Amino acid sequence: DAKTTQPPSMDCAEGRAANLPCNHSTISGNEYVYWYRQIHSQGPQYIIHGLKNNETNEMASLIITEDRKSSTLILPHATLRDTAVYYCIVRATFSGNTPLVFGKGTRLSVIA
Amino acid sequence: GAGVSQTPSNKVTEKGKYVELRCDPISGHTALYWYRQSLGQGPEFLIYFQGTGAADDSGLPNDRFFAVRPEGSVSTLKIQRTERGDSAVYLCASSPLGTGTDTQYFGPGTRLTVL
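Line by line, the protein sequences give chains D and R. In terms of the numbering used here, the first sequence opens at residue 1 and continues consecutively. In terms of the numbering used here, the second sequence opens at residue 113 and continues consecutively.
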């Protein structure tokens with residue numbers, strides 16, 4: 001079972017920041033937080049990942065709380081093309097490669 | 113560069129038939145993964161290859177499902193005696209090294225429909 005909890009759906013106005021929350025209260029010290037998204041009829045696309053520090057790349061920012069029990073993915077200026085299902089995944093890495101365990105994700109609708 | 117490709121994009125078959133789904137990973141990627149996605153659900157892990165060998169096949173639902181990667185690049189997922197419950201999108205992903213923090217790159221999937 002997925003170790004994360006996400007709201008099933010969210011709306012965001014085009015051009016505004018989209019803030020997608022994720023709870024992972026049982027996360028272990030050496031587990032990373034990964035975010036993927038899946039646009040309709042496509043495979044999942046990697047967005048960003050982090051351990052405990054905040055991370056930023058060309059797609060998004062990831063804010064992880066100090067106790068690491070929750071995180072927020074931020075899309076700073078959402079566009080219509082950002083409409084997708086966003087998956088927050090906790091991934092153990094200490095024992096080598098592990099598969100991604102997806103939950104149901106958050107369906108983000110960006111509205112013009 | 114070329115991403116992960118999967119063929120066919122759609123496959124319709126009848127209950128009881130045998131099907132093969134093909135995945136071409138990104139060139140040079142050591143690790144290859146198969147996932148299955150049912151309608152309204154997130155992808156579920158099936159099997160993972162490191163090179164030619166199956167490093168983890170714990171997600172295969174039963175012995176009707178089998179996958180191979182004989183030369184460490186292309187992989188084929190094989191399903192025998194298909195059932196209606198096998199209908200889903202089958203996703204393939206690859207990653208460069210197969211390490212714990214490797215990013216997995218997904219293909220577009222094969223939509224399998226069992227009538």
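The set of hints was computed from the structure by calculation and includes no laboratory data. Do not rely on the hints blindly, as some may be mistaken.
[Said to hold, decoys possible] No farther apart than 25 Å at their CA atoms in a straight line, the calculated lysine to any residue pairs in the SDA-like style are these: (1) D/104 - R/182; (2) R/129 - R/163; (3) D/104 - D/65; (4) D/52 - R/209; (5) D/104 - R/201; (6) D/104 - R/198; (7) R/129 - R/170; (8) R/190 - D/101; (9) D/3 - R/129; (10) D/3 - R/190; (11) D/52 - D/112; (12) D/69 - R/190; (13) D/104 - R/220; (14) D/104 - R/142; (15) D/3 - R/225; (16) D/3 - R/154.
Being a predicted model, the structure only gives us computed values, none of them experimental.
Hints, verified against the model:
| no. | hint | result |
| --- | --- | --- |
| 1 | D/104 - R/182 | 33 Å, violated |
| 2 | R/129 - R/163 | 29 Å, violated |
| 3 | D/104 - D/65 | 22 Å, holds |
| 4 | D/52 - R/209 | 23 Å, holds |
| 5 | D/104 - R/201 | 15 Å, holds |
| 6 | D/104 - R/198 | 19 Å, holds |
| 7 | R/129 - R/170 | 24 Å, holds |
| 8 | R/190 - D/101 | 22 Å, holds |
| 9 | D/3 - R/129 | 36 Å, violated |
| 10 | D/3 - R/190 | 30 Å, violated |
| 11 | D/52 - D/112 | 34 Å, violated |
| 12 | D/69 - R/190 | 40 Å, violated |
| 13 | D/104 - R/220 | 18 Å, holds |
| 14 | D/104 - R/142 | 28 Å, violated |
| 15 | D/3 - R/225 | 30 Å, violated |
| 16 | D/3 - R/154 | 13 Å, holds |
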